[in-house]
Amino acid sequence: MALSVSDDLTAPEVIADPHSYYRRLRDQNPVHWNDRWGGWVLTRHDDVVQVLRDSEAFSSDRMGYLERELTENEVEPIAPIFDVLSRWIVFTDPPLHTKLRMLVNRKFSPKMVETYRGTVRKIVNDVLDEIEPQGHMEVVRDFAYQVPMTVILELMGVPDLIRVKIKEWSEQLGLFFFIRADEPRRRQFATQGISALAGHLTHYLTHVIEEKAKNPDNDLISLLLRAEMDGELTRDDVVATCVLLAFGGHETTMNLIANGTLALIRHPDQWERLKEDPGIIKTAVEELSRYDGSVMTTVRWARRDVEIGGETIKAGQRVLVGLSGANRDPAQFEDPDVLDLTRDPNLHVAFAHGIHVCVGAPLARMEAQEAFTALTSRLPCPKLETEELEYLPTVVGRSLRALRVVF
Amino acid sequence: MSAEATIAVNLARCVGSTMCIQVAPSVFALTDEGQSCVIDAGGDPMERIVEAAENCPMEAIRVEDLRTGTVLFPLTEES
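Protein chains in written order, with our numbering: chain X, 15 to 421; chain B, 54 to 132.
Treat each hint with caution, since some may be false.
Covered stretches of chain B, as calculated for chain X (at least 3 residues, CB under 8 Å) [stated by the list, open to error]:
# : stretch
1 : 65-72
2 : 107-116
Here are a few chain X residues that face chain B, going by a calculated C-beta distance under 8 Å [what the hints assert, rightly or not]:
# : residue
3 : ARG67
4 : MET116
5 : ASN119
6 : ARG120
7 : SER123
8 : PRO124
9 : ILE369
What the hints contain is simulated information worked out from the structure, not anything from laboratory work. Think of the CB as a built atom: it goes at the ideal place given N, C-alpha and C, for glycine as much as any other residue.
Starting from the given sequences, assemble the full structure and let the hints guide the process.
Structure follows, in structure tokens:
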């Protein structure tokens, strides 16, 4: 069958409007072999859930895969960062995954997260106190970034002084693996010291961890250190997990808040609806996550031949699991392109599914609930300064470079 | 061990994170559909069962004291 859909996942029109692209793909060829990317692309809700649930057939060992793909000379300069990333919960398979996940999960369970709600509410309102009198803001930088960054540093027990640096280092790290695999710049970044830059984050957190080991507290780093003392984790595991939390703890929530704010601005009736009835905030955040979530895709590697939607995924092949595609699948959602803040049930996969379901999801949800409640109750629905919005050209993250608004 | 709890897994919420199975492996198991189910409500001590419910990232598990009917988790019921 001739496809009218290109295989260029980072073409400007795809980056600008991924939802239309994945809809066309789902309509025409829902289990699609993308020759350019070198793997299968899934866009149906059922298929996506099948893959995410089956962690035995589908591995998450991204670093192992990359390592096999690169030459020895290419791996050498980035070996230290590889070592850190290969210990990230998101890129590990059981049994290491189970061990790390259980530890971190305790601090991020819905029950624990509720105990942070007051703190988060105060942070959100402090940030808005600064913004409100100005009559304009750059949503990503001034609002969406500030809230999760402040929260995650506090939970981890990392001094706040360093936050500007952490943002810079995290962006470098994000470029390293959010960028498309065939992007020549990835190799360039790798060889020109990207790992050194991201390495600063590792280096800094290693220092914080050493200090924390002398004076343990009640924070997340101290919890991980206790697990190290009990022989459950190595120091390298602790460092890697802290890098993941500093990075993942703000990047994705920042995008969720920014994308959600944009969706509300483009649907002023929904902004007003939330303002008038803040009681709908929980379903509202689920719907904003579904409608334009922060992570569009995730990748898995088949360990054995598996049949998906009539096609055989062969052992060793990779699969681009289309979370955004699944979240707009009409077989699962009525009027999937309509933003309805009271949609219920809403079985979206914005935080993935299965054993790798986002460990920080309860925290991200609560932060987003507080952010959108305060935003809509305190500000009138803003206007965009420009309709020309720019997103980072990646297959994974849905990341606005900036969102300038006036109100 | 005889069951002391009534345990319900909300399948509209369960995403198969398997956190409950890690905490209370004699109570919970994974179905062929990749969701959690109760195999033996008395398989682990009560505090383990509550801990399992607390660790669910989706708050998909409800635990009731079988004798008194008191809801042990979640502490605030959602609509």
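Hint by hint, here is what the structure shows:
1. 65-72: holds (count 6)
2. 107-116: holds (count 6)
3. ARG67: 3 Å, holds
4. MET116: 5 Å, holds
5. ASN119: For ASN119(X), the interface hint holds, since the closest Cβ of chain B sits about 6 Å away, which is under 8 Å.
6. ARG120: 7 Å, holds
7. SER123: 5 Å, holds
8. PRO124: Given a least distance of 5 Å, the restraint on PRO124(X) holds.
9. ILE369: 5 Å, holds
Of the numbered hints stated above, none is contradicted by the structure.
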